[in-house]
Amino acid sequence: MLRHHLAAAWVIARRDFCAVIFSKTFIFFLIGPLFPVFIGAMAAAVGSQVSRDIDRPVVGIAMPAHQGDLLVAARAGLAPRMAGFVPEYTVLARLAPGETFDARTVLASKGVKGAPQLAAVVTGTLDKPVLTATSERVDQWRGQLALIAAEAGAPGPRTYPDVIEDKIATTAAKQHVDLAVTAQAGQVLLFLLTMLLAGMVLSNLVEEKANKIIEVLAASIPMDALFLGKLFAMLAVSLVGIAVWGSVYGLLMLAGMKSIPLLATPSVGWPMFCLLGFLYFAMAYLLLGSLFLSIGGMATTVREVQTLSMPVTMMQLMVFFFASYALARPGTWIETASQVFPVSSPFAMLAQAAQSPVLWPHLVALVYQAVWVGVIIRVGAQLFRRTVMKSGPARGRRGWFRRPVAATAR
Numbered sequence: 001m002l003r004h005h006l007a008a009a010w011v012i013a014r015r016d017f018c019a020v021i022f023s024k025t026f027i028f029f030l031i032g033p034l035f036p037v038f039i040g041a042m043a044a045a046v047g048s049q050v051s052r053d054i055d056r057p058v059v060g061i062a063m064p065a066h067q068g069d070l071l072v073a074a075r076a077g078l079a080p081r082m083a084g085f086v087p088e089y090t091v092l093a094r095l096a097p098g099e100t101f102d103a104r105t106v107l108a109s110k111g112v113k114g115a116p117q118l119a120a121v122v123t124g125t126l127d128k129p130v131l132t133a134t135s136e137r138v139d140q141w142r143g144q145l146a147l148i149a150a151e152a153g154a155p156g157p158r159t160y161p162d163v164i165e166d167k168i169a170t171t172a173a174k175q176h177v178d179l180a181v182t183a184q185a186g187q188v189l190l191f192l193l194t195m196l197l198a199g200m201v202l203s204n205l206v207e208e209k210a211n212k213i214i215e216v217l218a219a220s221i222p223m224d225a226l227f228l229g230k231l232f233a234m235l236a237v238s239l240v241g242i243a244v245w246g247s248v249y250g251l252l253m254l255a256g257m258k259s260i261p262l263l264a265t266p267s268v269g270w271p272m273f274c275l276l277g278f279l280y281f282a283m284a285y286l287l288l289g290s291l292f293l294s295i296g297g298m299a300t301t302v303r304e305v306q307t308l309s310m311p312v313t314m315m316q317l318m319v320f321f322f323a324s325y326a327l328a329r330p331g332t333w334i335e336t337a338s339q340v341f342p343v344s345s346p347f348a349m350l351a352q353a354a355q356s357p358v359l360w361p362h363l364v365a366l367v368y369q370a371v372w373v374g375v376i377i378r379v380g381a382q383l384f385r386r387t388v389m390k391s392g393p394a395r396g397r398r399g400w401f402r403r404p405v406a407a408t409a410r
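Quick note: the sequence shown, position 167, residue 167 per the UniProt record's numbering, numbers continuous.
Because the hints were derived from the structure by calculation, they are not lab data. Some hints here could point you the wrong way.
Stated by the list, open to error - Computed spacing ranges between beta-carbons, pair by pair: (1) V177 - E99: 33 to 41 Å; (2) G250 - H5: 36 to 44 Å; (3) T313 - V248: 20 to 28 Å; (4) T313 - T336: 25 to 33 Å; (5) F85 - V130: 36 to 44 Å; (6) I168 - M310: 44 to 52 Å; (7) E99 - D162: 40 to 48 Å; (8) F22 - M318: 31 to 39 Å; (9) P357 - V248: 56 to 64 Å; (10) M310 - V244: 24 to 32 Å; (11) I168 - K24: 39 to 47 Å; (12) D102 - D127: 46 to 54 Å.
We put the CB at the ideal spot given by N, CA and C, even for glycine.
Given these sequences and hints, build the entire structure.
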C-alpha cells in the first residue's frame, strides 16, 4: 500500500515538476525576485547619497571676542577621539561687549551665508554656553558641547595620554549577541524564502479543477498521493530557483560586488548549520505548503486564490513574528511553544542551531515536523475529497467557495 502511494506521488511530482520547469513562464519566476533586489539596492544607494548631501548639520557659534574660535579649535581636537557623530562648528559672529545675537531668528531663516544647513546655534560664553536647537538636537549634542566648551576654556595646550590597547577576540556577552544575530539572520532568510515560494501551491489545483482533470486523477490514484506529489514537485521547483539565485549571487561576489556583513560562526558550525537550514527550509515549505494546498484546494477560480493570498501572507508573518519573539526569550515557555507549534518549529529550531551545539533535538524536531506534514496532508486530502470532489446538483454540494447552483428553467 505504501509503495503504491509513493509510486503515485512520484508520477504526480515528476509530471508537475517538468510542466513547471519547461514552461515559458519559469524564466520570469527565476528573474522575478531579482527586480526587487535590484530596485532596493538602487534605492538604498540613492537614498544614502541624498542623505549624505542633505543631512550635514552645522552648529553655528556666536560668542564674545575669540571664544568661538577656541570652541572650533577644541572641537577639531576632540572630534577624532569622540565616539559617534560630531557636527561641524562654524563661527557666525564675534560679538563685541554688550552685543547680542538672536539665535532663534537665525535658525528660523532659510540659512546663513557659509552655513546653509544650520541646525543649532551656541551663544553665551565658554563658562555658560547656551545651545539653541530642537529638543532632539539639544538632547543629542548637550553632552558634546559641555565637553568641548570645557576643553576650550582650559588654560594652555593639553596633551592626551596614549592608551595601551589590550584587545581580546570576544567576550561571553558579545558572543551571545553575535550568535543571536546569526540566529535572527537565519530566521529572516528562511522566512523570505518560504514567503516567496510557498504561496505557489495555493493555485496549484485551480487549473486542474477547472479542466476536470482532478476528477480523472482522483479516480486513478489516492488523494493523499496526489497532494504529496504536488507538494514535493513545488518543493523541487523552489530548490531549482534557490540554486539559480545562489549561483547568481556567487558570480556577483566573484565579480567584486560587496558582500553582506560577516556573521558569527553558529554553535554547530557553518557546514552543519547550512545542512540544518536546508532541512528546515524543506520542512517549513512542506508544512506551510501542505496547509496552503489544502486551503487553496477549496478555491475554484483564480479570483478566489487572490482573495486567499492576503490572509495566507498575514499568517506567514504571524508565524515569523512568533518565532522572532521567542528568540529573545530563551529558556521560557514561549521558546518551547515556538518549537512545539508545527509551522513555527523550523524557524525556532534553526535559531537554536545557531545558539546551541547540541544536535539530538534537531533530529527529534525533524521527525516531529515530518509527522505533522503527513497529518496535514492526510486531513487536507480527506477534506478536499469530501467538500470538493462531490459533483452534481442533486447532492446539494456547497464547497467553501462554491456558489449555489442556479435552478434551471423547465
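Verification of the supplied hints:
1. Look at V177 against E99: about 53 Å separates their beta carbons, and that is not inside 33 to 41 Å.
2. Checking the proposed 36 to 44 Å range against G250 and H5 shows it holds: the Cβ atoms sit about 38 Å from each other.
3. The hint said 20 to 28 Å for the Cβ distance between T313 and V248, and at roughly 25 Å that hint holds.
4. Between T313 and T336 the beta carbon distance is about 27 Å. The supplied range of 25 to 33 Å therefore holds.
5. Between F85 and V130 the beta carbons are some 22 Å apart, a value that contradicts the proposed interval 36 to 44 Å.
6. Roughly 50 Å separates the CB atoms of I168 and M310, a value that falls within the hinted 44 to 52 Å.
7. Under the hint 40 to 48 Å, the C-beta atoms of E99 and D162, about 43 Å apart, fit the expected range.
8. For F22 paired with M318, a C-beta distance near 36 Å keeps the hint of 31 to 39 Å intact.
9. A hinted range of 56 to 64 Å is violated for the C-beta pair P357 and V248, which are about 33 Å apart.
10. Roughly 28 Å separates the CB atoms of M310 and V244, a value that falls within the hinted 24 to 32 Å.
11. For the pair I168 and K24, the supplied restraint of 39 to 47 Å is violated, since their beta-carbon distance comes to about 58 Å.
12. Against the hinted window of 46 to 54 Å, the Cβ-Cβ separation of D102 and D127 comes to about 21 Å, which falls outside the hint.
Of the numbered hints listed earlier, those contradicted by the structure are 1, 5, 9, 11 and 12.
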